Amino acid sequence: MRRGAEGAVRSMPELPELNPVVHGRLRLALLSLLAGVEQAEFTWLRAKTEATDGNLGAQLLKLEEAGYVAVEKKFVLRKPQTLYRITEAGRQALTEYVQALKQLLGPAIEP
Amino acid sequence: MQDHTTEQELKDRLSLIENMIAEGRRDTESWGWVFVLWGVDYYFALAWSAWNHSAWAWPITILVAVVITVVVASSKAGNHPRTTMGRAIGCIWIALGISMFLLFLALGLSGRLTDQHLFFAVIAAILGMANGASALILRWKIQLACAAAWWVAAVATCFGTDAQSMIVILAAIFLCQIVFGVYGVIADAQGRRGRGPVHA
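Heads up: the sequence lines are chains A and B, in that order.
Heads up: the first sequence is residues 58 to 168, going by the numbering used here.
Heads up: the second sequence is residues 565 to 764, going by the numbering used here.
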C-alpha cells in the first residue's frame, strides 16, 4: 500500500504468480520445444536440451504428473520409442506463464 | 541488484521460450538421400524394362524403393519430431508411391504398357505434381524448379522419337532426383537449410 500526495491509500497492482511447475528452466524448455511440434521422441528432447537421461526423465515425469505432457510408448521395427506431446492443459499453462512473464517485466520489454 | 537480477532472469526465460519454440519448428527431416535412392531406382527400372520388356520391372523396383525408404526413415524417426507440415509433405509422397505402384502394376499386367511416350509423360506429370505440391507448401524455389523440369519433361516426352523421349526422361531423373538429392544431402551435412526444409 502506498500513500499518494493527498494521503489517499493506493493499493499496488497484484503481480501474477509464476506457475512453479512451468518455471523450472528445463521443464520450461521442454514445454516450449513440445509447443512447436506435434510430438517428439525422448532422444530428440535430450539432444535439444543437452540434459542427462535421468534429469530429463524426472522433469518429463513432473510435467506428465501435472497433466501438461502426454506420453506414448511403442515399438518401431522392434526398437522402443517414447513419444511426448504437449497437452491442451500444458499449452494453456505455457500461454499463461508467458503472459505472467510479460506482465512482470512490463515496460522492460516494450520497444 | 536483486530486482535487476530477477528481471534479467525473467527476460532469459522469455528468450528461452522463444528459442525453444523456434527450435522445434525449425528441426526437419533430411530427405536428400531419398531423392537419390529413387533416382537410382528409376534408372534401374528403365534399364530392366529396356533389357527384357518385363511387365514386373517397374512394380518390383518401386516396391523395393518403398521398402528401403520406409525402413531407413523409420530408423531415423526418433531423431526428428513430428510436425504438421512434415506429416503433410510425407502424405504427398506416400500417395505418390501408392499411385505409381498400382498404376504401373496394372498397366504392366494388362499389357497396356506399350506406349513409351505416354508412360514417361505420366511418370513425369505425377512427379511434377508431387514436387510442385511440396514446393508450394514449403515455399521452396529449388524444388519448384524441379517440379517445372518434370512438367517440361512430361510435355516434351510426348513428342519426338522413342530415343528422344528416353533422353528427356533420363535427363529429368538426373537433374531432379540425383542432382537435387545430392544437393539436399550436402546441404544437410553442412547444416545449411535453404528457403525451406528438404523433403522428398
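These are computed hints drawn from the structure, not numbers from a lab.
A portion of the hints provided could be inaccurate.
Said to hold, decoys possible - Ranges of calculated distance between the beta carbons of each label pair, as one might list FRET restraints:
| # | chain 1 | residue 1 | chain 2 | residue 2 | range |
| --- | --- | --- | --- | --- | --- |
| 1 | A | 133 | B | 731 | 39 to 49 Å |
| 2 | B | 655 | A | 146 | 51 to 61 Å |
| 3 | B | 734 | A | 111 | 49 to 59 Å |
Remember, predicted model here, so these are calculated numbers, not experimental data.
Glycine included, every Cβ here is placed at the ideal spot set by N, Cα and C.
Cross-check of the supplied hints:
1. 133(A) <-> 731(B): 39 to 49 Å: For residue 731(B) against residue 133(A), whose Cβ atoms are near 42 Å apart, the range 39 to 49 Å holds.
2. 655(B) <-> 146(A): 51 to 61 Å: Hint violated: Cβ distance 29 Å, outside 51 to 61 Å.
3. 734(B) <-> 111(A): 49 to 59 Å: 55 Å, holds
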